[in-house]
Amino acid sequence: MLKEPFGTLVRDADVTAARLRSEMPDGALVVAVGDATTERLARLGMRAGVEVVDGHERRAARDAPDGAPATSLSCKNAAGTIADSALAALREALAAPRPVRLTVDGEEDLLAVPLCEMCEDGTVVAYGQPGEGMVIVRVGDGPRARARRVMNMMGRRDDDPVAG
Numbered sequence: 014m015l016k017e018p019f020g021t022l023v024r025d026a027d028v029t030a031a032r033l034r035s036e037m038p039d040g041a042l043v044v045a046v047g048d049a050t051t052e053r054l055a056r057l058g059m060r061a062g063v064e065v066v067d068g069h070e071r072r073a074a075r076d077a078p079d080g081a082p083a084t085s086l087s088c089k090n091a092a093g094t095i096a097d098s099a100l101a102a103l104r105e106a107l108a109a110p111r112p113v114r115l116t117v118d119g120e121e122d123l124l125a126v127p128l129c130e131m132c133e134d135g136t137v138v139a140y141g142q143p144g145e146g147m148v149i150v151r152v153g154d155g156p157r158a159r160a161r162r163v164m165n166m167m168g169r170r171d172d173d174p175v176a177g
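Here the sequence shown is numbered in the numbering used here, starting from 14 and rising by one per residue.
Treat the hints loosely; a few may be bogus.
[Stated by the list, open to error] Using C-beta positions, here's what the derived DEER-type ranges look like: (1) 84 to 24: 26 to 34 Å; (2) 110 to 58: 14 to 22 Å; (3) 158 to 74: 31 to 39 Å; (4) 77 to 101: 30 to 38 Å; (5) 134 to 71: 15 to 23 Å; (6) 135 to 105: 19 to 27 Å.
Bear in mind the hints are in silico, worked out from the structure with no lab data behind them.
Yeah, the Cβ is synthetic: ideal placement off N, Cα and C, and Gly gets one too.
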């Protein structure tokens, strides 16, 4: 269920500012998940309002993306999990003065899933699909329902306080 993109896959060769802007509503909050995605958006002049990074790219350590955030947050999230503390940090990041950088001690890859559930309609969640390109998700009913199903499969009940 996670191998299929949650949104539109823009192939690496097609990732340009014009192409990405065509997938993003004007004025939308952009949330970038991943160091490479965050950096690529910034290089294209499209800095994300919320950046979720872990200091790694394909499991290799790397420097943090350029650009000083207005708000710096951190959390722990083990590989292959979505920790309660990470969910709380995501909520805090979405409410904080922008740009926000949430640095994850562990792995940030799966955090795109709860973001697709907790962000407001019209928010854009961007994340990398290694070896393929960048996925652009316009948050709405479809991505939110899919994210909720994935969260439930991971052992989260419908009444867990994810959105909020």
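Against the structure, the hints:
A hinted range of 26 to 34 Å for the beta carbons of residue 84 and residue 24 is consistent with their spacing of about 33 Å. The given range of 14 to 22 Å is respected by residue 110 and residue 58, whose C-beta atoms sit roughly 21 Å from each other. Hint check: residue 158 to residue 74, Cβ distance near 36 Å, so the stated range 31 to 39 Å holds. In this structure, residue 77 and residue 101 break the distance hint of 30 to 38 Å, their C-beta atoms being roughly 22 Å apart.
For the hinted restraint 15 to 23 Å between residue 134 and residue 71, the CB-CB distance of approximately 32 Å leaves it violated. At roughly 21 Å, the beta carbons of residue 135 and residue 105 sit within the given window of 19 to 27 Å.
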